[in-house]
Amino acid sequence: MKLCIKNGRVLDPASGLDKTACVNIEDGIIKSIGEAETADETIDAAGKLVLPGLIDLHVHFREPGREDQETIAGGCRIAAKSGYTSVVTMPNTNPPIDNQALVKFIKHEAEKSGLLNIFPAAAVSKGMKGEEISEMGELHTAGAVAFTDDGKPVSSSILMRRALEYSRMFDVPIMAHEEDHLLVDSGVINEGKVSASLGLRGIPNAAEEVMIARDVIIAGLSKGRLHVQHISSGGSVEIIRNAKKRGVKVTCETAPHYFSLTDEVVREKLALAKMNPPLRTEDDRIKIIEGLKDGTIDAIATDHAPHLMNEKRQEIEFAPNGIIGLETAVPLMITKLVKENGLSYNEVFAKVTCNPAKIIKIKKGEIKPGYDADIVIIDPEKKVIINDDFVASNCKNTPFMGAELFGSVECTILSGRITYKA
Amino acid sequence: MTKNALVLFESMTLKRKDLLDISSLSHDEIIYIFEAAKIFKKVFTETNKKFSFLSGRTVCMLFIEPSTRTRLSFEIAAKRLSADVISVAPSTSSLVKGESLIDTVKTLEAMKTGFIVMRHPVSLAPDFLSRNCEAHVINGGDGNHAHPTQALLDGFSVYERTGSLKGLKVAIVGDIKHSRVARSGIELFTKMGSEVVLCGPPTLLPDDFSLYGIEMTFDLDSILPKLDVVNMLRIQLERQKGSLFPSIREYNKYFSLTKDRLKKCRKDVIVMHPGPINRGIEIDDFVADCENAIIEEQVTNGIAVRMAVFSLLCGKTLEDINKEK
Ligand SMILES: [Zn+2]
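First to last, the protein sequences are chains X and R.
All letters in the first sequence, in the order written, are residues 45 to 466 by our numbering.
All letters in the second sequence, in the order written, are residues 78 to 402 by our numbering.
Hints listed in this document are in silico derivations from the structure and should not be mistaken for laboratory results.
Fair warning: this is a prediction, and the values are worked out from it, not measured in the lab.
Check the hints yourself; a few may be wrong.
[Said to hold, decoys possible] Label pairs and their calculated CB-CB ranges:
hint, chain 1, residue 1, chain 2, residue 2, range
1, R, E211, X, N365, 24 to 34 Å
2, X, N365, R, S241, 38 to 48 Å
3, X, M213, R, G290, 48 to 58 Å
4, R, E396, X, D229, 44 to 54 Å
5, X, E308, R, P302, 30 to 40 Å
6, X, K173, R, E374, 23 to 33 Å
7, R, K243, X, E312, 26 to 36 Å
8, X, K289, R, E211, 50 to 60 Å
9, X, N365, R, K183, 54 to 64 Å
10, X, E308, R, K318, 32 to 42 Å
Even glycine gets a Cβ: it sits at the ideal position worked out from N, Cα and C.
Only chain X is shown next, with the shape it has when bound in the complex (with noise of 0.2 Å):
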């Protein structure tokens, strides 16, 4: 079977290719870039983007646990829809994910839809109680490309020690969501201006900060690989730059919405903008975009998040964490990133296909002969209207409904394999 990508913007982010060529794919693998090949099936990219198939360190999908919310199946669907080829699901359903089993289910769900690869994350530690290591080898053996309690983080300073020390057996990284609960207080939204005037009690960007000058610290002790997840303020992209100067072994990543939006659309969206960590403020947007350009954060990771409407349409204060991202990456990294702050495509799309795919050492993310060709087709010049259309997601929990964005994703290739088609 052979497939020819035609007269495509063909970027490759780890090389710096940006050149106007054809993709020839072999038996799902990149043959050559160049000009076109005789083929089975081809496909016109003029005048659009052909970059790797996108890469998410950060899902929830939900199953095992509350396939009301979101199934594997769907999930997969919907990364797809979006451009993405790889992701990396987080561990904390219900059962979390901390044994062998449960790390093959969710592969093994992956592969019956043959529209991702799922490369999931298990628990750090021991049902996500935080008091005992999880049994790491065991899980990387069964296909656990990370370890992370995300959704809490590692409060014992001893444990996160013991964790980046023992997961050096297998050079795999430990993501850590980064939150100091006492400090955290109860608080709702990002504490400054805007909880001041709506009274919403606030999470102050220390909470975020103090745990990641700890785990830098404890990862220069125990020279273990710390991924450091979905940071949003100016003062933790501070942190990790410095630790990069020093040697830590460190990396991180950010959501789009923190290089998208601020605190004050609390107001407007209330619920619907309530996320951990939470939206901060604009001078903490620009520095995550600061941190994008220099390269201290590695990777944009959506932390897609579904909840149902029913859930979040209650007070601001009950309702839970979270927004669905993977929808809107595409649109919100070609617009807020590319044309608003003049990044390139490759600085852009690196976020999301090498660089991660380097972090949980996968060999994907790149357009080259030898590589799978996961691959995705981006008009970047075509309007998308985040509505109800639009939002195939089950869950349509997300603030940028109503937006108008550039940048549509027009074709998903999977291993040479065509998972959506616009």
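Fit chain R with the ligand to the known structure of chain X by using the hints.
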């Protein structure tokens, strides 16, 4: 207020669906409420007359957080306007049985409730409610966010004495952080041209208010001589457990309005308190009962202001009110 301006207001209709906070009210709407309250107060204190504005309409008191004073004040105001009043108390509310706020309100609406007066322990609950129902929503206090009718009655209590709030120096003293009375008060007095100063210990005085350009101080004694109005907030005694202040004794030492402190104030300073008072804690007996304190007056004004708010929401003009009085 000048005569010409009054004529303008006479026939003004200020129809709006809800009263959720002070920030969404215009300067003119606030003046309207003050002027309407003046008329209602006179009628209310001098006669037994009822107005017909809410005749045949149902007002539901949805008090998810208990409050006898505020509920009674709204109830009397609604009844003076001939409304039928029903109460949903927290103990009988299905909300405690796990029914969502939305479902409760849909039920109330199906029963043709025209107005919902809500008090709720969490911030922004009325904002959320107002987007999901047709009835007029009046915020009777939500979390630490807003208590617009309290701010309006505080503002009115000063307005009826001074004729204007412009240029007045108003202090709000105590637990600013956890106070909806403070937040709405700041917005109202600022909007009406007063100069607001906040005073309390740093643990109860969020720095972020300075982002709005509001003066803040930890030193009560230093501001006393400059004040036209001092609004003392009620301190929740359980805050001490959260290390927000070390002891009642120490709180009292720095932030209580005592007889000695009153001497440092101007002779005509207006002392307010939203009640109920912790006598001897935020304010001492002498001050609570002195000439400058208008604490009981505030209670009467609460009814007049709430009558004005109901009238505003059903589109009545000052002319209408004058005609019926
Ligand atoms: Zn998280």
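Okay, the hints, checked on the actual structure:
1. R:E211 - X:N365: 24 to 34 Å: holds (30 Å)
2. X:N365 - R:S241: 38 to 48 Å: holds (46 Å)
3. X:M213 - R:G290: 48 to 58 Å: holds (57 Å)
4. R:E396 - X:D229: 44 to 54 Å: Roughly 51 Å apart at Cβ, these two residues keep to the hinted range, so it holds.
5. X:E308 - R:P302: 30 to 40 Å: holds (38 Å)
6. X:K173 - R:E374: 23 to 33 Å: With a Cβ separation near 58 Å, K173 (chain X) and E374 (chain R) fall outside 23 to 33 Å, so the hint is violated.
7. R:K243 - X:E312: 26 to 36 Å: Once the Cβ atoms are compared, 31 Å apart, the range 26 to 36 Å for E312 (chain X) and K243 (chain R) holds.
8. X:K289 - R:E211: 50 to 60 Å: holds (59 Å)
9. X:N365 - R:K183: 54 to 64 Å: violated (26 Å)
10. X:E308 - R:K318: 32 to 42 Å: For E308 (chain X) and K318 (chain R) the Cβ distance comes to about 33 Å; the hint holds.
Of the hints listed earlier, those the structure fails to meet are numbers 6 and 9, in rising order.
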